[in-house]
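Engineer: Chain by chain, the residues run as shown.
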Amino acid sequence: MNNKMAVSPIERRFGSQGLVVTIIVAVCVLLVIVPVVFLLLESLNTGDPQVFPPLSWGLANYSALVLDVRIVLNTLKVAVVATVFAVIIGFLLAWTLTRTNIPGQALLERLLEIPFYVTPLVGALAWSVLASPESGFINQIWRELGGGGALVNIYSAGGIGWVMAIFEGSVAFVMISAAMKAMDPALEEGSRVLGGGKLRTMARITLPLVLPGVLGAAVFVFAEMLGSFAAALVLGIPAHYYVITTAIWEMTLSYPPDYGRAAALGISLFAIMFAMLALYQRIISRNTFTTISGKAFRPRRMDMGRWRYALAGACWLYVTIAVFLPMIALVITSFQRFSTAILPQAEFTLANYLMAFNMESVTSAIKNSLNLGFWVASVGVFIMMLLVWIIYRSRLRGAGAIEYVVMFPQSVPRMVFGLALLWAWLHVPIPLYGTLWLLGLAYFTVLLPLGIRTLAGVVLQIDKSLEECARVCGASWWYQLRTVTFPLLKPGVLAAWLLIFVASVRELGVSIYLMGPNSKVIAPAIVSSWSSSGTELTSTIAVLQTVTVFIVVIVLSRVIQRLSRYGS
Amino acid sequence: MSSAVAADHGFIDVSDLIIHYEDYLAVKGISFNAGAGEHLTLLGPSGCGKTTTLRSIAGLERPSAGEIVIDGKRLYSGKGRVNVPAERRGVSMVFQSYAIWPHMTVFDNVAYGLRVRKLPRQEVERAVLHALELVQMQSYASRSASMLSGGQQQRIALARAIAFSPKVVLFDEPLSNLDAKLRNAMRVELRDLQSRLQITSLYVTHDQEEALAISDRIIIMNSGTIEQIGTPQDIYDRPRNRFVADFIGSANLLRGSVEGRSEEGGYCFRTEGGDLLPCVAPYGVQGNEAEVAIRPAYIQLRNPEAGGAIMQGTVRRRMFHGDFIQYQVQCRSGEMTVRRSPTEVFEEGSNVALCFHSAQCVLLGSQAA
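Keeping their order, the protein sequence lines are chains A and B.
All the letters of the first sequence, read from the start, carry residue numbers 1 to 568 under our numbering.
All the letters of the second sequence, read from the start, carry residue numbers 1001 to 1369 under our numbering.
Next comes chain A alone, as it looks inside the complex:
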């Protein structure tokens, strides 16, 4: 009889697993895939684009894409140029910081995280402050020095590509340096010992070995750029230079909105991005040399002699262009009534901050964003943790299917997903549209891949035997979770919480379609301020957002550091 008791919990668990998996898959499909299906249906609507479900079906919206060929070419031009520069920046930074003995390497590596917190939207704004043809700081100084006209014009294809390259450069850096850290330094030392110089070693050994990683980063960055929105919105629209995402935005904003064509354009962009990411998966899964193992190697660095100062200088130049210069420009602007870089002529004032704090739309946007960030991160991490455990630790059948569904949003361009959610929730008879609830749900959905990937890393790095040992010592499942698993996970989970919080607060593509008059959030508020009021007020809001994020990041990073002090 005592046998029966021993069996039952296990049998019960195995009996119900099919049901659990089915429910999870169903909910994920509802959140993730149904909106895209709505968008797909709308793209086939040949009748009145505002009537849904469509009265007549056809491919007219897709054949109309021929008219947009100029936009597609613009998009490709910006994305290709920016990808090339981003990958070059990323490779040089990664090689310098992981393979050479430049001074201040640890500090630089920390500083390179900042572009993620600054966001492309704030970066684009800052660069328009710095380099717009009329009042841009660079052009002001140029004219002050006696130059004529505009030295630089950020409102151009080159300007959009510049800002994108700078921000995606830090993404490429993270991906390529991961590939470099996975390479056995003995392979490079072998080349040095056999008489190969530093340059030859880099060109003939390092580069070919990390090439799959570089190629993967290039494809990934390219896909991100195809779907990127903020820089093209801020810098392209003044010059009437449209890429696919901004064209979709204009189509849905025009009167009457042409949702059918926007949907067709969005679905096409999604198809391209999906293909790119499939290619990326292929590259990173197939093209790894056997010499690059998952093992972590003790970093050994080449002595660059005098060159190390030049290399360090180059890294500092990047950090200056990507972080310091834009932030200084924004801060200076936010304290002036009429922004100028010629400081003797400047009139400093707190008026912009007073105005921002007195504008209900700004304060409520900040409050809403922080609220959403907190709840999406808190509830999201909990649910994502459960999903990660089911996908990677339980041996449930169908766990692979769950993984596939939850990772799906990463192949949908953010603002296309926003449009899809808008369309879906306008036509679902649940009154969520225009509420913070819908924004929260949307954030959770689009941040699923980021959260799952981060938490999976956290879970997988904990040796399974640490948990098994607790069980063998006599701990029940819950006791083991409470005393071993949770405490070990805490620092990693907090880091994931922080990541999701920041990603929520900076979210633009989905928010811009889903916020309503009573559910304003910060990033779209910056965009609307930029298009309706002055640069100074917009800079102020951007500074407020950035500072808030920084405070949270710094405080939580401290806490995480303290929690994980027990070592690796």
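Read the hints as simulated data drawn from the structure, not as lab findings.
A hint or two may mislead.
Stated by the list, open to error - With a Cα cut of at most 20 Å, we get these calculated DMTMM-like pairs of lysine to aspartate or glutamate:
{"hint": "1", "chain 1": "A", "residue 1": "Lys-490", "chain 2": "B", "residue 2": "Asp-1016"}
{"hint": "2", "chain 1": "A", "residue 1": "Lys-198", "chain 2": "A", "residue 2": "Asp-184"}
{"hint": "3", "chain 1": "A", "residue 1": "Lys-464", "chain 2": "B", "residue 2": "Glu-1061"}
{"hint": "4", "chain 1": "B", "residue 1": "Lys-1028", "chain 2": "B", "residue 2": "Asp-1016"}
{"hint": "5", "chain 1": "B", "residue 1": "Lys-1181", "chain 2": "B", "residue 2": "Asp-1192"}
{"hint": "6", "chain 1": "A", "residue 1": "Lys-464", "chain 2": "B", "residue 2": "Glu-1087"}
{"hint": "7", "chain 1": "A", "residue 1": "Lys-490", "chain 2": "A", "residue 2": "Asp-463"}
{"hint": "8", "chain 1": "B", "residue 1": "Lys-1167", "chain 2": "B", "residue 2": "Asp-1179"}
{"hint": "9", "chain 1": "B", "residue 1": "Lys-1028", "chain 2": "B", "residue 2": "Asp-1013"}
{"hint": "10", "chain 1": "A", "residue 1": "Lys-464", "chain 2": "B", "residue 2": "Asp-1016"}
{"hint": "11", "chain 1": "B", "residue 1": "Lys-1079", "chain 2": "B", "residue 2": "Glu-1061"}
{"hint": "12", "chain 1": "B", "residue 1": "Lys-1073", "chain 2": "B", "residue 2": "Asp-1013"}
{"hint": "13", "chain 1": "B", "residue 1": "Lys-1028", "chain 2": "B", "residue 2": "Glu-1038"}
{"hint": "14", "chain 1": "A", "residue 1": "Lys-464", "chain 2": "B", "residue 2": "Glu-1173"}
{"hint": "15", "chain 1": "B", "residue 1": "Lys-1167", "chain 2": "B", "residue 2": "Glu-1087"}
Unchecked claim - Beta-carbon label-pair distances, calculated as ranges:
{"hint": "16", "chain 1": "A", "residue 1": "Arg-482", "chain 2": "B", "residue 2": "Lys-1181", "range": "37 to 43 Å"}
{"hint": "17", "chain 1": "B", "residue 1": "Asp-1207", "chain 2": "A", "residue 2": "Arg-482", "range": "34 to 40 Å"}
{"hint": "18", "chain 1": "B", "residue 1": "Ala-1180", "chain 2": "A", "residue 2": "Arg-482", "range": "38 to 44 Å"}
{"hint": "19", "chain 1": "B", "residue 1": "Ser-1146", "chain 2": "A", "residue 2": "Ile-23", "range": "38 to 44 Å"}
{"hint": "20", "chain 1": "A", "residue 1": "Leu-460", "chain 2": "B", "residue 2": "Ala-1036", "range": "57 to 63 Å"}
{"hint": "21", "chain 1": "A", "residue 1": "Ser-394", "chain 2": "B", "residue 2": "His-1357", "range": "55 to 61 Å"}
{"hint": "22", "chain 1": "B", "residue 1": "Glu-1125", "chain 2": "A", "residue 2": "Tyr-117", "range": "37 to 43 Å"}
{"hint": "23", "chain 1": "B", "residue 1": "Asp-1323", "chain 2": "A", "residue 2": "Arg-204", "range": "43 to 49 Å"}
{"hint": "24", "chain 1": "A", "residue 1": "Leu-317", "chain 2": "B", "residue 2": "Asp-1207", "range": "52 to 58 Å"}
{"hint": "25", "chain 1": "A", "residue 1": "Val-34", "chain 2": "B", "residue 2": "Ser-1146", "range": "43 to 49 Å"}
Using N, Cα and C, we set each Cβ at its ideal position, and we do this for glycine too.
With the hints as your guide, set chain B onto chain A.
Structural biologist: Okay, now just chain B, sitting in the frame of chain A:
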């Protein structure tokens, strides 16, 4: 329920155990038992199923069929659909990675199994300090577990495993991550501890030297099956087949065939090179045996003029190993490896006679059997 277990069975009883790993058949129906207080070792090359067997005894792996009984309690039974979860088996385990929890102190690590059992505070403290004393780590109790060296972690893992007085301790290659010197020292300590505490233990290793040194009995496993069970001496002196002879220690393997009985009650074996060797067949003669094994240490070298030579040869290479000298001797039947004490020196190129006792030349069963 205990009546179901016959009295002549051991403390640990594993019968007809079959384990699938995903779709791969990792353990192909093995049976063995261990007596109370016995130190039993599962030995085999990596991938032979030894760790999988150990983990299914711990309850960390679910077998497909068979039965596992410890102290009369049925922990797993394929037919009876019984699978007691790991935490209710009352066994303990030392993991290969030590699995020391880095977020706890040494004391908390060792106390874990006692606190799970809700023992009173003084009792926990007494048992933890006793366990730490046994592994000579008393002074480390309040240390953070993440600040320990490999050898210290190993000791803490051991203390934690024995602190709650388990019936059985399972060891999963516990010494494989230590360097050679420390490993030797820990073997002695483990053996001492084992005989002092009278714990029944099941030990997994791929290191044959370690297995020989610390076991009461050894189970040799190979690709999911058991090749031989016996005491270390038994397995070393009388390997059942070529796999065992080759895997345990080193052996000179000579091909040939049995040519009838010898005068001392053994057998005569004619090698392919033409030498006639006296040998024993501890597991009988089926008629298809084609190999004998002789341990390098059991062969004596003499001057060719002295009598009693079984084989003649020429020293081709002499290598000084410190504790012994290894000779490669070219004979008619092939090259023989011989290990002698460093005091017995023969020059390279000299002719030597090889002698050994017939009991040390073992006829091997054919592999298929």
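Engineer: The structure should be examined with respect to each hint, and the outcome stated for every one.
Structural biologist: Right, here's what the structure says about each hint:
no., hint, result
1, A:Lys-490 / B:Asp-1016, "43 Å, violated"
2, A:Lys-198 / A:Asp-184, "16 Å, holds"
3, A:Lys-464 / B:Glu-1061, "13 Å, holds"
4, B:Lys-1028 / B:Asp-1016, "8 Å, holds"
5, B:Lys-1181 / B:Asp-1192, "17 Å, holds"
6, A:Lys-464 / B:Glu-1087, "16 Å, holds"
7, A:Lys-490 / A:Asp-463, "15 Å, holds"
8, B:Lys-1167 / B:Asp-1179, "30 Å, violated"
9, B:Lys-1028 / B:Asp-1013, "16 Å, holds"
10, A:Lys-464 / B:Asp-1016, "28 Å, violated"
11, B:Lys-1079 / B:Glu-1061, "17 Å, holds"
12, B:Lys-1073 / B:Asp-1013, "10 Å, holds"
13, B:Lys-1028 / B:Glu-1038, "24 Å, violated"
14, A:Lys-464 / B:Glu-1173, "16 Å, holds"
15, B:Lys-1167 / B:Glu-1087, "13 Å, holds"
16, A:Arg-482 / B:Lys-1181: 37 to 43 Å, "40 Å, holds"
17, B:Asp-1207 / A:Arg-482: 34 to 40 Å, "37 Å, holds"
18, B:Ala-1180 / A:Arg-482: 38 to 44 Å, "40 Å, holds"
19, B:Ser-1146 / A:Ile-23: 38 to 44 Å, "40 Å, holds"
20, A:Leu-460 / B:Ala-1036: 57 to 63 Å, "40 Å, violated"
21, A:Ser-394 / B:His-1357: 55 to 61 Å, "59 Å, holds"
22, B:Glu-1125 / A:Tyr-117: 37 to 43 Å, "48 Å, violated"
23, B:Asp-1323 / A:Arg-204: 43 to 49 Å, "47 Å, holds"
24, A:Leu-317 / B:Asp-1207: 52 to 58 Å, "56 Å, holds"
25, A:Val-34 / B:Ser-1146: 43 to 49 Å, "47 Å, holds"
Comparing the model with each earlier hint shows violations of hints 1, 8, 10, 13, 20 and 22; every other hint is respected.
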